[in-house]
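> Numbering of the sequence shown is given in my numbering, commencing with residue 13 and proceeding in unit increments.
Watch out, some of these pointers could steer you wrong.
Listed next, the in silico DMTMM-like pairs over lysine to aspartate or glutamate satisfying Cα-Cα at most 25 Å (straight line) [said to hold, decoys possible]:
{"hint": "1", "residue 1": "K81", "residue 2": "D125"}
{"hint": "2", "residue 1": "K81", "residue 2": "E17"}
{"hint": "3", "residue 1": "K51", "residue 2": "E17"}
{"hint": "4", "residue 1": "K143", "residue 2": "D125"}
{"hint": "5", "residue 1": "K157", "residue 2": "E32"}
Since the hints were made in silico from the structure, they are not lab data. Everything numeric in this text was worked out from a predicted model, so none of it was measured.
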Amino acid sequence: MGLGELWPLEGGGTLRVREEEPWVYLEAVRPEDGRGLYKVWCLGAEGEFLLGTLVPRENRLHLERRVAKRTLQEAGAWPLTGGKAVMVYPFTDKGDSPEVWHSEAHPEKFCADPVVRACLQGAEGLLSREKNGVRQLAAPFLLCKPILLNTLFCLAQVRSWQGRRYLVWSFDRQGRPILPTF
Numbered sequence: 013m014g015l016g017e018l019w020p021l022e023g024g025g026t027l028r029v030r031e032e033e034p035w036v037y038l039e040a041v042r043p044e045d046g047r048g049l050y051k052v053w054c055l056g057a058e059g060e061f062l063l064g065t066l067v068p069r070e071n072r073l074h075l076e077r078r079v080a081k082r083t084l085q086e087a088g089a090w091p092l093t094g095g096k097a098v099m100v101y102p103f104t105d106k107g108d109s110p111e112v113w114h115s116e117a118h119p120e121k122f123c124a125d126p127v128v129r130a131c132l133q134g135a136e137g138l139l140s141r142e143k144n145g146v147r148q149l150a151a152p153f154l155l156c157k158p159i160l161l162n163t164l165f166c167l168a169q170v171r172s173w174q175g176r177r178y179l180v181w182s183f184d185r186q187g188r189p190i191l192p193t194f
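With the hints as extra help, turn the sequences into a complete structure.
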């Protein structure tokens, strides 16, 4: 891809960025650990942008994309503040790993309350899982960023996963929030 700025990826690897108006050329590289399928996000002060899925190439995981600078700006991911690589699908059996989370494309389906559903509509970067009949939704938790579901903040638990902190809410099958157990 050529020279450009090199950024570390949260979760391992690097993100090379080269700006060439009106485009931004991005190349993500991560060591191949054989543990699962990884996706890469570009991070900005106001949001994040899903770059794509890393694929095997020369004993490493690799992704190259050309994205319109305006697209990154609209997502709040430009100017760039970093990047992250997140395992979205582990190659191990679910029984071997109790912390299996998946990227959630439709977080609004988790809660029956219309106000909460509206807050979740279009939200990106959230993770979900089902555990013992309870549906859980996790949102990245950063002290310097607004909380996605501030109306349900008191029902969240702070959990760490793959080196990042998340606010985790639990819901029953009818979409009602469940009180956390500590």
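> Can the restraint linking K81 and D125 be considered satisfied, given a maximum Cα separation of 25 Å?
This hinted pair is violated, its Cα atoms lying about 36 Å apart.
> Can the restraint linking K81 and E17 be considered satisfied, given a maximum Cα separation of 25 Å?
holds (15 Å)
> Please work out if K51 and E17 have their alpha carbons no farther apart than 25 Å.
holds (20 Å)
> When you check the alpha-carbon spacing of K157 and E32, does it fall within 25 Å?
Not OK: K157 and E32 at ~30 Å, beyond 25 Å, violated.
> Tell me if the straight-line CA distance from K143 to D125 falls inside 25 Å.
holds (22 Å)
Hint violations for this structure: numbers 1, 5, all remaining hints satisfied.
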